[in-house]
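We have chain A; now place chain B onto it with these hints.
Here's the letter readout for the chains.
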Amino acid sequence: MELVLSLGIGILTGSGVWLILRPRTYQVIIGLALLSYAVNLFIFSMGRLTVNAPPVLPGAAEIDPAAFTDPVPQALVLTAIVIGFATTALFLVVLLAARGLTGTDHVDGREPER
Amino acid sequence: MIAAPEHLVIAPVVLPMVAGALLLFFDDRERRLKATISILTAVALLAISVMLLIGAHADGEAGAGRVAVYLVGNWPPPFAILLVLDRLSAMMLVLSSVLAIPALAFSVGRWQKAGPHFHTLFLFLLMGLNGAFLTGDLFNLFVFFEVMLAASYGLALHGSGTQRVRAGMHYIAINLAASLLFLIGVALIYGVTGTLNMADLILRIPAVAAESRPMLEAGAAILGVAFLIKAGMWPLSFWLPTMYTAAPAPVAAIFAIMSKVGVYVILRLSLLFSAAGMPEGTSSFGWQLLFLGGLATIAFGTIGVLASQALGRLAGYSVLVSSGTLLAAIGLSQTGVTAGALFYLVSSTLTISAFFLLIELVERGQDTLANVLAVTQEAFGEGEEDEEVEAEVGVTIPGTLAILGISFGLCAILLAGLPPLPGFLAKFAMLTAMFNPAGLGGAGTEAEIGQATWWLTALLIVSGLSALIAMSRAGIRAFWAPVDAVVPRVLLIEILPVGLLLAATVALTVQAGPVMRFMEATAEGLHQPWSYVEKVMSQPPTVRPEAER
Chain A
1 MELVLSLGIG
11 ILTGSGVWLI
21 LRPRTYQVII
31 GLALLSYAVN
41 LFIFSMGRLT
51 VNAPPVLPGA
61 AEIDPAAFTD
71 PVPQALVLTA
81 IVIGFATTAL
91 FLVVLLAARG
101 LTGTDHVDGR
111 EPER
Chain B
1 MIAAPEHLVI
11 APVVLPMVAG
21 ALLLFFDDRE
31 RRLKATISIL
41 TAVALLAISV
51 MLLIGAHADG
61 EAGAGRVAVY
71 LVGNWPPPFA
81 ILLVLDRLSA
91 MMLVLSSVLA
101 IPALAFSVGR
111 WQKAGPHFHT
121 LFLFLLMGLN
131 GAFLTGDLFN
141 LFVFFEVMLA
151 ASYGLALHGS
161 GTQRVRAGMH
171 YIAINLAASL
181 LFLIGVALIY
191 GVTGTLNMAD
201 LILRIPAVAA
211 ESRPMLEAGA
221 AILGVAFLIK
231 AGMWPLSFWL
241 PTMYTAAPAP
251 VAAIFAIMSK
261 VGVYVILRLS
271 LLFSAAGMPE
281 GTSSFGWQLL
291 FLGGLATIAF
301 GTIGVLASQA
311 LGRLAGYSVL
321 VSSGTLLAAI
331 GLSQTGVTAG
341 ALFYLVSSTL
351 TISAFFLLIE
361 LVERGQDTLA
371 NVLAVTQEAF
381 GEGEEDEEVE
391 AEVGVTIPGT
401 LAILGISFGL
411 CAILLAGLPP
421 LPGFLAKFAM
431 LTAMFNPAGL
441 GGAGTEAEIG
451 QATWWLTALL
461 IVSGLSALIA
471 MSRAGIRAFW
481 APVDAVVPRV
491 LLIEILPVGL
501 LLAATVALTV
511 QAGPVMRFME
521 ATAEGLHQPW
531 SYVEKVMSQP
541 PTVRPEAER
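The listed protein sequences correspond, in order, to chains A and B. Residues 1 to 114, numbered by the working numbering, are exactly what the first sequence covers, in order. Residues 1 to 549, numbered by the working numbering, are exactly what the second sequence covers, in order.
Isolated chain A (complex conformation) (with noise of 0.2 angstroms):
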């Protein structure tokens, strides 16, 4: 599972970088959504990766910490998801007004004289 996830990580990573130092707005957009997503499941892995355990603690009771997935990167993850969504749509509108004002997708505004 480790590696499988691993693996995951590292291309979404990679993909992502290659596609933000792409000239295209849209590539742009798509590379950081990539990245975020990698981000995500690289905070997830932080927690240890861990099978079948539940991240809430029952009552009072004595409990063994080994047996409890690690709560918190969950919550960092959510919230880190939440804010990345918030920003990607915010800079899909950036996006499209620039395509409007400046007629091309080129992230400088303009077409590079071949």
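Any given hint could turn out to be false.
[Stated by the list, open to error] Listing some non-contacts, in silico: residues in chain B with all C-beta distances to chain A over 10 angstroms: (1) Arg66; (2) Gly168; (3) Glu211; (4) Gln288; (5) Phe291; (6) Leu292; (7) Ala481; (8) Val506.
[As the list claims (entries may be wrong)] Rough simulated footprint, nothing fancy, chain B against chain A, three-plus residues with beta-carbon under 8 angstroms: (9) 25-36; (10) 100-109.
For the record, the hints were derived by calculation from the structure and aren't laboratory data. Here a beta-carbon is modelled for each residue, glycine too, at the ideal position from N, C-alpha and C.
For chain B alone, kept in the frame of chain A given last:
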């Protein structure tokens, strides 16, 4: 404590949030009402943060001052979401509200009409700023950063226009990428230490196993890159001048403190980490990187200042010079230099903010093409003039131009770091501390002045000189050169904020003694953070009289 009741600590976050949300209920045509509410909020914020500052400075141990800890969910410290108020955060709160009032007042003149929800976004930006200054844990720092950035995206695009949208798009893309780095850094640190609370982190770092150490260091480094992007360290700073130039004037004025947020976090975290004995090698590598990066940033900013043909870009590059100076001073990691750097932070932020507001007023009477021509002519024609002439000639030119000219001259003096204004005092404080590490008249200081000190000294002086050259050139072009100059129409509400900010810098000069003592106490508290850590970790949750919930 009469000066700082318990719940006042969270007011700088809650107040702008509530006020900003409230403004959403009014139609955008009710501008007068909206402006009144938001300016009143900013004034209230100033009052609150001054009270907090007095509370933080007043009594308590000499080192950390009175550290106030506010547990938001009333959980005990390592788990709690907490706000921590010490001298540094109180100072930054005061600074942000001091900048907010003039910027908001300035916007009443014309800018608030340029697009919807200006005041709401502005207040949310303040909320994010204040939250970032107050928070005591890394993840909430991220959240407040995002609040601040999301509001700043909206503000940067306020008024629309091709140039603004283009610069704004770069700004957003870079900051989104930086936020992802921020998250990776936070996640790595959490993965190794199992905590996000800054104070708890410091206690746990020494216990980290040797094989996990590289992970922790990588996490800290990645986190640092995210903040250095915000602070604008070369070579992460190419977005900054374009962005600040394109932003509307009142927005640029408050953005002056946004690059300082990055500096603030670096200052706080690097000193905390070094107190926790992040291994000597890494620690010194980190300091060196900050120092050298700072030097490179000053150099880059200086070249930019000299090369700028438009006033807006000049101001943008001045932001870089100021960031670079701060980073280099932090990189030296001496208590005295840090105190000077804090003084510099306050004075340069006020200056740049005033300058951004002023530029918009001055440029109303000009067209940009004339600027380019003027510079080209100068290159082949006459040399530079002295600065002090400007005030004398001010009498003969019409009223508006005279006031603008005097303000411009003051900005030039501040940016160049000439006496008597605080730009000079701050640089002097830093240089004195650098050359006398043991304090003035301290023993054995003769031989210890290193190469680094000389480099920084030289760069500081050169950057001041080039600011002076660039400013007098720009001043001549703006006020004397135009033959048939159109006198810009300036409203009282627009020139007053500039005057207010400049008056604040004059006040800094007059009160330089007490302010400097405060900065020294702050720097000492930062360099010896153990009482801060202790106070945060030992804060007991409030005992509630009734049953839970």
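Checked hints:
For B/Arg66, the condition that its CB be more than 10 angstroms from all CB atoms of chain A holds, with the nearest at approximately 30 angstroms. At roughly 6 angstroms, the least C-beta separation between B/Gly168 and chain A is not larger than 10 angstroms, which violates its mark as non-interface. Interface exclusion of B/Glu211 from chain A stands, the closest Cβ pair being 16 angstroms apart, more than 10 angstroms. Distance check on B/Gln288: its Cβ is at least 27 angstroms (rounded) from any Cβ of chain A, clearing the 10 angstroms threshold; non-interface status holds.
For B/Phe291, the shortest C-beta to C-beta distance to chain A comes to about 29 angstroms, beyond the 10 angstroms cut-off, and the non-interface label holds. In this structure B/Leu292 is separated from chain A by more than 10 angstroms, as the shortest Cβ-Cβ distance comes to about 26 angstroms. At the 10 angstroms boundary, the C-beta of B/Ala481 stays outside the reach of chain A, the nearest C-beta of that chain being 32 angstroms off. Distance check on B/Val506: its Cβ is at least 40 angstroms (rounded) from any Cβ of chain A, clearing the 10 angstroms threshold; non-interface status holds.
Using a Cβ-Cβ cut-off of 8 angstroms, 5 residues of the segment 25-36 of chain A lie near chain B, which meets the minimum of three, so the contact claim holds. Interface restraint, the segment 100-109 of chain A with chain B: holds (5 residues with C-beta to C-beta distance below 8 angstroms; minimum three).
In the structure shown, a violation is registered for the earlier hint numbered 2 alone.
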